[in-house]
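Number of protein chains: 4
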Amino acid sequence: MAGKLKAGVLGATGSVGQRFILLLQGNPLFDLVALGASSRSAGKAYAKVTSWKQGSHIPTSVADIVVTECVPEAFKGCDVVFSGLDASVAGEIEEQFVNAGLNIISNAKNFRQHSHVPLCVPTANPEHLDALEFRDKSRGIHVCISNCSTAGLVVALKALTEKFGPISHVVLTTLQAISGAGFSPGVGGMDILDNIVPYIGGEEDKLEIEPRKILGSFSTSSKEFQLIPEQDMKISATTTRVPVIDGHTASVSIKFANTKPSLAEVQQCLTDYSSQCETLHCPSAPEKPLVYLEQPDRPQPRLDRDIGNGFTVSVGRLREDSVLDYKFVCLSHNTVLGAAGSGILIAELLHAKKLI
Amino acid sequence: MAGKLKAGVLGATGSVGQRFILLLQGNPLFDLVALGASSRSAGKAYAKVTSWKQGSHIPTSVADIVVTECVPEAFKGCDVVFSGLDASVAGEIEEQFVNAGLNIISNAKNFRQHSHVPLCVPTANPEHLDALEFRDKSRGIHVCISNCSTAGLVVALKALTEKFGPISHVVLTTLQAISGAGFSPGVGGMDILDNIVPYIGGEEDKLEIEPRKILGSFSTSSKEFQLIPEQDMKISATTTRVPVIDGHTASVSIKFANTKPSLAEVQQCLTDYSSQCETLHCPSAPEKPLVYLEQPDRPQPRLDRDIGNGFTVSVGRLREDSVLDYKFVCLSHNTVLGAAGSGILIAELLHAKKLI
Amino acid sequence: MAGKLKAGVLGATGSVGQRFILLLQGNPLFDLVALGASSRSAGKAYAKVTSWKQGSHIPTSVADIVVTECVPEAFKGCDVVFSGLDASVAGEIEEQFVNAGLNIISNAKNFRQHSHVPLCVPTANPEHLDALEFRDKSRGIHVCISNCSTAGLVVALKALTEKFGPISHVVLTTLQAISGAGFSPGVGGMDILDNIVPYIGGEEDKLEIEPRKILGSFSTSSKEFQLIPEQDMKISATTTRVPVIDGHTASVSIKFANTKPSLAEVQQCLTDYSSQCETLHCPSAPEKPLVYLEQPDRPQPRLDRDIGNGFTVSVGRLREDSVLDYKFVCLSHNTVLGAAGSGILIAELLHAKKLI
Amino acid sequence: MAGKLKAGVLGATGSVGQRFILLLQGNPLFDLVALGASSRSAGKAYAKVTSWKQGSHIPTSVADIVVTECVPEAFKGCDVVFSGLDASVAGEIEEQFVNAGLNIISNAKNFRQHSHVPLCVPTANPEHLDALEFRDKSRGIHVCISNCSTAGLVVALKALTEKFGPISHVVLTTLQAISGAGFSPGVGGMDILDNIVPYIGGEEDKLEIEPRKILGSFSTSSKEFQLIPEQDMKISATTTRVPVIDGHTASVSIKFANTKPSLAEVQQCLTDYSSQCETLHCPSAPEKPLVYLEQPDRPQPRLDRDIGNGFTVSVGRLREDSVLDYKFVCLSHNTVLGAAGSGILIAELLHAKKLI
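The listed protein sequences correspond, in order, to chains G, U, Z and P.
Residue numbers for the first sequence follow our numbering, so the first one is 481 and each next one is one higher.
Residue numbers for the second sequence follow our numbering, so the first one is 481 and each next one is one higher.
Residue numbers for the third sequence follow our numbering, so the first one is 481 and each next one is one higher.
Residue numbers for the fourth sequence follow our numbering, so the first one is 481 and each next one is one higher.
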């Protein structure tokens with residue numbers, strides 16, 4: 481273990497926290513050493529206080545870690561702290577940690593729109609992390625993971641805008657998995673069996689705003705940096721919940737601002753896309769951040785969500801759109817790329833970029 | 481039973497045929513007297529040859545009806561014949577029936593785009609049936625039921641275009657129930673459990689074309705009539721299959737051609753809409769063909785599909801669309817309004833209009 | 481409405497309360513006039529305070545009823561009060577109501593094992609209600625509805641014991657619907673999608689004890705009566721939760737105490753069974769309390785739960801058991817016969833027996 | 481690859497065949513070199529002719545293998561051939577292969593009751609394979625994999641009988657995953673959504689007979705061997721299909737023939753059990769063939785089916801049974817231990833025992 485970086489997890493007993501723990505197992509860069517939760521759980525072994533609901537059991541190396549409260553002192557010595565905190569408490573706690581010089585990668589929504597905090601989908605806008613060179617170095621690094629439904633979309637959009645220039649309009653409808661809602665209480669069985677729920681509170685707003693920041697740029701000066709959202713992309717989102725355990729699917733229509741490439745060019749672009757995650761050899765990076773599936777009925781969540789261990793976005797059904805330019809179906813794993821997995825890949829990018 | 485019209489069903493052992501039988505039970509206008517199926521079933525009691533898969537059991541008055549082949553002679557005396565035939569055989573058989581002077585209301589797709597055959601969603605374009613006054617009276621009446629995913633959409637669109645003039649653009653994504661695929665084999669359990677399938681063969685084409693005819697007009701001369709599709713409405717559809725038994729949901733964005741009414745006006749319009757089905761007192765007509773649900777998370781298939789016994793379309797979540805004008809969620813019962821139920825309501829309209 | 485009895489519902493906003501309200505709609509004997517809930521809801525119109533989750537909408541005649549607290553004064557004049565209260569409060573409240581002379585039919589478990597309170601499945605042991613003639617008439621009538629998983633089982637067992645004498649051993653495993661757990665929070669979507677949960681807290685105990693009382697007898701004296709459980713029937717139950725909305729299925733093996741009838745005799749007995757509900761012409765009584773389905777793969781919850789509007793128990797797959805005598809599969813609708821529906825049918829029996 | 485044994489798969493395009501292919505990936509002992517399917521597929525690359533429906537994609541090393549017909553000549557040189565053939569053709573084809581000296585491990589039911597063919601669940605009765613020393617060496621080895629619902633049960637029963645002597649009675653009800661039915665057509669979506677099906681054709685017979693052979697013994701002479709089923713164990717099984725993708729759950733009641741150990745002893749026995757698979761260091765052997773889960777609501781298919789990569793049986797809810805001696809809930813992965821995985825582990829045992 482010598483030489484590994486030390487990692488902590490805040491909100492360790494929640495669904496996102498559990499996924500951070502699971503995905504950190506066997507990670508060659510990070511060694512999980514600290515777990516924070518509410519005062520109710522503090523002082524007890526992790527296995528005793530968590531209601532573990534993952535398909536794999538609690539890693540044995542983690543079961544006996546004594547949970548602490550979410551205070552900076554308990555995480556001293558951590559090179560990076562992953563936050564799976566609920567938004568109701570994440571604001572204050574994360575601020576304390578960063579002020580104490582700790583590096584925070586957060587799944588909470590609180591700071592996503594803050595102009596001094598990068599909002600990063602690691603396979604979409606890894607270069608935004610370069611802005612951190614220009615941060616106030618008296619404080620820790622603070623990076624936000626995007627909303628789960630944003631993550632898959634922006635990887636596809638990034639591939640397209642990088643090649644063909646800005647996209648002016650996006651109309652999309654998502655079919656989102658229930659794991660995105662956590663499990664206490666999460667989505668009720670009576671609400672989702674033989675049913676869909678065409679509404680997820682706050683989700684459409686996130687999906688209409690976050691891609692602009694992720695696909696935007698940043699400015700730097702000697703003392704600071706500032707993220708600058710893309711202004712001219714209009715997104716109209718409808719988000720629904722469907723009876724699927726993992727994997728958010730989106731039906732996406734797009735219009736390019738300046739050009740209309742051919743369908744073959746668009747498909748080739750989606751196939752060819754690569755990101756810094758692979759070129760910088762991040763351990764968790766998938767072979768490809770984006771795959772195009774040619775079968776007419778793909779991607780499907782149960783069959784395709786685990787491509788690239790959940791880090792690869794899959795796209796299919798690309799075709800002409802009679803109202804906008806093109807439409808396609810896009811799938812991403814909401815608890816890997818859409819949450820904890822992105823956090824870990826961001827940490828790996830920070831390490832590769834020598835920022836931690 | 482004296483005075484009731486005599487009805488027959490073609491394709492009586494299939495899933496649509498079974499629904500025709502179920503919905504005709506207790507109908508005050510029609511008495512079911514003839515059942516047609518393949519030669520394999522002909523000559524045997526209906527209960528012996530059907531693999532009945534409905535939540536209610538086979539009506540006792542129907543169980544002992546001896547099934548015949550689908551030939552006009554066996555349906556002589558029927559005032560109306562409902563066709564649940566598969567498209568692979570519907571073309572030839574329905575043609576024979578109409579040529580023999582029998583009135584056919586068909587759920588098959590074969591004649592839906594024929595300019596001399598009305599394509600009717602009874603609560604959307606009942607007035608198209610008036611064209612039948614001008615038909616060649618040596619032949620029977622022939623009317624097509626729309627595709628199941630079309631039915632709900634066009635009721636909402638009709639309400640809006642009737643009030644605010646043409647709609648120029650529609651972008652929609654459907655989340656369709658598996659009963660729409662029938663049950664032999666239908667959608668496989670392994671395909672739909674913990675999954676969605678973002679593709680339904682041929683469905684998007686139907687959904688992009690059928691509404692134009694239904695929202696179009698017709699011309700007449702002394703000897704004939706012709707249906708004239710709406711030309712200037714562009715529809716972009718993505719159709720998906722979700723793990724829901726009954727009820728097709730659609731996420732719909734629209735743009736008006738000439739005007740942009742206020743959101744309140746649009747909602748009022750959806751609430752106020754009425755159709756000839758109610759004003760002509762069709763027995764199966766719902767109290768309202770369209771309801772607007774104000775709860776933020778509705779309509780939902782399991783909770784709302786049975787409003788108006790499955791004949792009412794429910795709409796909710798009306799809001800501004802940042803790319804088009806407005807967006808909303810729309811739900812209809814695919815095996816009632818979207819199939820057999822529409823057929824029966826069309827027959828009731830034909831009777832009210834003294835066409836049968 | 482003149483001449484109808486007045487009914488109230490306690491716990492009116494919960495899932496059982498909602499079902500009482502739904503099933504009382506259109507009932508020819510009872511007129512729903514009073515709704516009780518927690519103090520949080522009291523004083524407001526029912527439609528404003530309930531989170532209605534039924535497939536049919538709130539009856540319009542009920543939507544505007546002002547909810548009261550669950551105190552006897554608010555239910556004065558009610559001929560019968562149905563209790564859908566949670567067990568945590570049912571004990572005290574129901575005691576107050578009965579002491580105040582109000583007649584309570586309760587779905588709560590609190591008094592089910594009380595020797596002076598009949599535990600009644602109306603199509604299984606309606607004759608137990610006759611004991612109420614001998615009650616202390618200074619107090620109201622108090623009857624308990626059985627646990628939902630008990631209801632279906634005992635109808636089948638009653639048919640068999642009535643004909644063939646006592647059953648000495650029962651081994652059963654249930655596959656129970658999630659509606660049995662209510663909906664706040666009820667069974668979580670993450671717990672039940674692509675999953676079964678082989679445990680329902682407290683359920684196996686109920687299932688091993690309640691049938692003994694229901695299949696038992698009662699003694700009377702001039703002043704009182706006493707329910708006497710069957711002593712010699714051993715029941716071993718395993719209860720599981722499955723991804724089904726409504727309908728509890730049970731796989732049941734039985735051994736008779738004194739005899740082994742032929743398989744044909746057992747099947748005939750299950751087919752022939754009738755109860756006082758029909759002979760006394762209770763309005764909600766199903767045509768048959770028990771049906772035997774001969775298809776090899778029935779009963780199935782989605783296809784058979786609604787037989788007799790949910791009041792009929794369906795049995796199938798009767799065959800020899802190599803360990804006990806016979807085995808079969810048994811299905812009942814858990815929110816109708818297994819809960820609110822039984823309550824209403826009990827009230828109808830009480831009226832037919834001139835007890836209310 | 482030098483030194484690896486050569487393996488083939490019959491029925492390679494079916495659901496069991498696909499699982500053999502998936503599970504052989506990365507196996508350190510076997511190198512997959514031959515794929516057999518129907519003449520329709522023969523001569524074409526595997527990826528072209530299979531409708532692949534697994535969560536992981538087709539291994540690239542397999543995609544281009546040219547499929548052959550299922551004839552012995554095409555499998556010459558294979559050290560072991562795994563058969564995922566349908567029972568309708570397995571009888572004749574497997575006989576030809578064994579006659580040609582090829583070693584067959586079959587998932588088909590055809591030879592399971594044959595007294596000269598071991599029926600082996602590798603973590604339950606690996607010692608039965610020792611009988612093969614005494615086989616007619618002019619022919620290949622022929623071993624059958626058990627039925628999927630048998631596999632989990634017999635591992636638990638073996639642990640108990642090994643320690644406490646014979647079990648005389650077993651009453652069980654299974655809740656089986658739909659993957660057990662394959663996928664063409666498999667279980668229909670309309671049959672299994674919001675439903676359970678309390679019948680699986682032929683399954684109960686298998687479950688009542690196969691455990692007797694697996695828990696039985698064998699006799700040998702110089703020239704041959706004979707499997708001898710356990711005679712005195714009576715099993716009564718009810719098998720049901722539930723909406724679960726993978727993982728068969730069973731509710732099991734047992735009675736010992738000669739003794740009644742304490743509950744603590746039974747639980748300890750289930751915890752302590754080990755098999756030759758681990759002691760002989762088979763590469764696919766799980767750490768433990770059997771685990772006892774102490775949480776009150778486990779095992780659950782979605783959470784526990786992947787323990788030991790699907791090779792570990794999990795047991796929970798051990799408690800006294802008021803009719804027999806004890807009852808418990810047992811879970812096994814039906815497509816791993818219950819099918820293809822067992823086949824591979826049997827092959828590994830054969831190699832460890834120097835039989836191949």
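FYI, nobody ran anything at the bench for these hints, they're computed from the structure.
Take these hints with a grain of salt, some might be off.
Repeated chains share a single entry, so a pair holds when one copy, or any two copies, can fit it.
To be verified - Below are the BS3-like pairs computed for lysine-lysine, each with C-alpha atoms no more than 30 Å apart in a straight line:
| id | residue 1 | residue 2 |
| --- | --- | --- |
| 1 | K714 | K768 |
| 2 | K714 | K643 |
| 3 | K834 | K533 |
| 4 | K533 | K686 |
| 5 | K686 | K484 |
| 6 | K768 | K528 |
| 7 | K703 | K528 |
| 8 | K740 | K484 |
| 9 | K486 | K589 |
| 10 | K768 | K524 |
| 11 | K643 | K524 |
| 12 | K714 | K740 |
| 13 | K524 | K617 |
| 14 | K833 | K768 |
| 15 | K617 | K834 |
| 16 | K528 | K643 |
| 17 | K833 | K740 |
| 18 | K686 | K735 |
| 19 | K740 | K533 |
Quantities reported herein were computed from a predicted structural model and do not represent experimental measurements.
- Item | Hint numbers contradicted by this structure | 3, 5, 7, 8, 11, 13, 16, 17, 19
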